[in-house]
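Enquirer: Take the two lone chains, each set in its own frame, and fit them into one complex as the hints suggest.
Now for the letters of each chain:
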Amino acid sequence: MWRKRFLSTAAVAMVAAGSAQATDFNVEIVNLTSGIYYTPFLVAAHTDGSRLFSVGQPASAGLQEMAEGGGLDGLVATLTGIGATIETNPAGGVLAPGGRTDVDLNTDGTANVRLSVVAMLLPTNDAFMGLNAITIPTEPGVYTYNVNAYDAGTEANDEVLNGGGAPGVPGMPADPGGLAGTGGTGVQTGAESPTVHIHRNALGDTDPTGGASDLDSTVHRWLNPVARVIVTVR
Amino acid sequence: MKSMTKVSRLFAITSLGAALVACGDGSDDFVSSVNTVPPGPEMATFAVGVTNLTNAQPLSPVAVIAHDDQYRVFAVGTTATVGLESLAEGGDNADLLAEAGATALATASGGGPIGPGANEVISVSVEVTQLPGLRLSAVTMLVNTNDAFAALNGMDVSGFAERDRVTRRVIAYDAGTELNDELATNIPGPAGGGEGFNAARNDRQDFVTMHQGVVSADDGFATSNLNESHRFDNPVAQIIITRTD
Chain A
23 MWRKRFLSTA AVAMVAAGSA QATDFNVEIV NLTSGIYYTP FLVAAHTDGS
73 RLFSVGQPAS AGLQEMAEGG GLDGLVATLT GIGATIETNP AGGVLAPGGR
123 TDVDLNTDGT ANVRLSVVAM LLPTNDAFMG LNAITIPTEP GVYTYNVNAY
173 DAGTEANDEV LNGGGAPGVP GMPADPGGLA GTGGTGVQTG AESPTVHIHR
223 NALGDTDPTG GASDLDSTVH RWLNPVARVI VTVR
Chain B
135 MKSMTKVSRL FAITSLGAAL VACGDGSDDF VSSVNTVPPG PEMATFAVGV
185 TNLTNAQPLS PVAVIAHDDQ YRVFAVGTTA TVGLESLAEG GDNADLLAEA
235 GATALATASG GGPIGPGANE VISVSVEVTQ LPGLRLSAVT MLVNTNDAFA
285 ALNGMDVSGF AERDRVTRRV IAYDAGTELN DELATNIPGP AGGGEGFNAA
335 RNDRQDFVTM HQGVVSADDG FATSNLNESH RFDNPVAQII ITRTD
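So the sequences go chain by chain: A and B. For any residue, its number in the working numbering is found by taking its place in the first sequence, counting from 1, and adding 22. For any residue, its number in the working numbering is found by taking its place in the second sequence, counting from 1, and adding 134.
Isolated chain B, as found in the complex (with noise of 0.2 Å):
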């Protein structure tokens, strides 16, 4: 499937600036000459691709963040970040990779939701520099719940040569930030039609954890709209992270 590529060149300009000045190696020029459109610096490329393991909760568009040893998406314990309230609840990345851009060496959104069964590769790009200490995290919302999500959480890619190739499969979690009824007026996907975002955190406990699943009318819920086709187990997705270039 065709990717969607929206790499942040602006903080991958500046890192590099203050890689050089601080390396003093002769390369100054570059920092004070940018309009001048030097050859660009050696980039490693990893290609993230996403697939669905779940039965029938479609994931919405995946947020890739490449970033240093230092930032974390998110955490067992820790509330969510308002970034993260808004992809869990309301599968909308756009928040997440902005907060994520103050310090992200480079982010990228996947095309479109991702179906179950489907797949899809997004890619990202950071100088060869940018290397020693790099991390990706990869977050997406199961979209027929309140607000689950699965994510890999700060993989560590720093060893990563050409063509390296890992893969992993990753569990859902539960942001914490509102609370599971499984209301069709509460879960955006096809199974709700519902409300996304919703700056009110009505949970038990207003912090990250593990997702229990959804329970669903046919599991006794009488007042859930979702039913025994929504449920899901772990792993959610399977995320294979492939070193490009």
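Looking at chain A on its own, in the form it has when it is part of the complex (with noise of 0.2 Å):
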């Protein structure tokens, strides 16, 4: 599965642009993790010159408010602006840990050759899975992409629930399992890298009223992957 992933990626210089393909394909995402929540899923299929994100590369705004809070608009702007083929909230609210959703899209007629599809991870400052514009496979069959977690760079992970999710402010939105603690003085305090990077993972503690963090190491952290993409081209 990451061969094929990483196969992907290495061929990103080698397709010509421009080129129109229809594909209906089906998108069918897992949260792998055992206690992250995922926002809203932004599902895009794209043209060959865009992208809604590089690693080691600022984040745009649309996706800062997306990694920070959870929001679409942003982005579907953005999207809409160049033509994209969007579906947005497909699991009808936030995905739970071992859940699953999927969504059809359906390409035709236009030049929409790469797939996108970003969530935040809740609860934390601004972490996101990302999808890369990977290339939509034509031939009908099943492939399957595993994603790593982000770091959108745009906030420090004090790991502070405090209802913070519009962009530029501190803290963690919101904590849909209800299992994070209270009273965290703060993690990070400084400044994090200001690019998008690999997530480091929460840190967390274990102390509910206190400590540093207000997530829970037992429960809040992750190792990559963290969800898995499937996508059925009929």
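Since the hints were made in silico from the structure, they are not lab data.
Distance windows between CB atoms, simulated:
#1 E296(B) with P80(A): 47 to 53 Å
#2 T102(A) with D202(B): 43 to 49 Å
#3 E329(B) with D95(A): 47 to 53 Å
#4 P162(A) with R297(B): 27 to 33 Å
#5 N332(B) with D95(A): 45 to 51 Å
#6 R297(B) with R256(A): 31 to 37 Å
#7 N128(A) with D340(B): 34 to 40 Å
#8 A333(B) with G200(A): 25 to 31 Å
#9 G267(B) with E161(A): 15 to 21 Å
#10 G190(A) with T357(B): 35 to 41 Å
#11 P216(A) with L265(B): 51 to 57 Å
#12 P216(A) with P266(B): 51 to 57 Å
#13 G232(A) with N361(B): 22 to 28 Å
Each residue gets a CB set at the ideal place from its N, CA and C atoms; glycine is no exception.
Expert: In structure tokens form, the structure reads like this:
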């Protein structure tokens, strides 16, 4: 599975731009984690030259909005502007640990040959899962991609649950599982690496009413991959 | 390292009989005269080489299952079977192999635990006629945990020709059957020496997910009997599948 993903990434530069390719396909998303929820997913097929993010580059305003609070308006506006094929919120809300959801896309009559899927990890400051502009397979079959957790690099990971979900506002917006604590003094107080990078994982602690973090180290940590995307081409 | 093979001949023969009756190719004599020990059918053998990539998590004896495309050992988000629970909590693969045996084409068990850095090759054979739809699964416990297991889950090997070889690096799952309290009394491996399988299910959620890793006392989980050496990251094992015959 990882091999397939790496090949897709390596093939990015070799695909000719602008070749219209009609594809009717299903995108299934599995939350692999044991204690993390996903905000509503953005599932988008888009053109060859576009990407929602690049590692080592600063996040766009739209990506920051998604990663810090789960909001999709900015990314949807940008994608709409370039004629992307878009589906949002297939799960009808947050997707719980172990949960799965799926949605159909049809790129008939478009030049949308790349697929991206993003959503924020809750509860975190600015972690998100990102399937990043993979080439949509055209041959009928089932294709599986393991997806890692990224840090948007836009907000310090203080791990304080305070409802802060707007871009630039510190803190974590919500804890759908209800297992986070209170009274955390803040894990990361300085600035974080300002570009998109692989997330270093939550720290957490085992003090539900104090300590540095409001996260529980026995609940809210994860190991990559954090999600699996299964593309079924008809 | 020497492998141990335990192919389920019973189910292989049963399946062959069904296939021959269905085909009506004139070989029915085989079915009606099993006592005469006819020439064996042409077999396809797969060597499953498992290497432990962790620092201090011995892997329990590996369960290898050759099966069709309908059976699955587990799925994320779905409740673990008792056989998987027994393997994931106690490192005992007998129940899982017995469960699979009802539908499996062949099963085999590793000869013993695989220590960090060590490897073992385990072989299973099916009849060549069973190759269409053939899947391979391999499951093993990270024994210094409550219920973590590593698995190759239904890899498609139906298109393997002789000498074909594919390498997979596999990740750690949480069976969801036992709370990750990291207490020695609930960890069967050398770090705990405690209880293995317990039928009670006391995890936060009774279904399989990925494992979040162990926290350990060295990282602030004061009641944990694990230390920093027992932590792991994905991938936790490398599995090389070779069709040898």
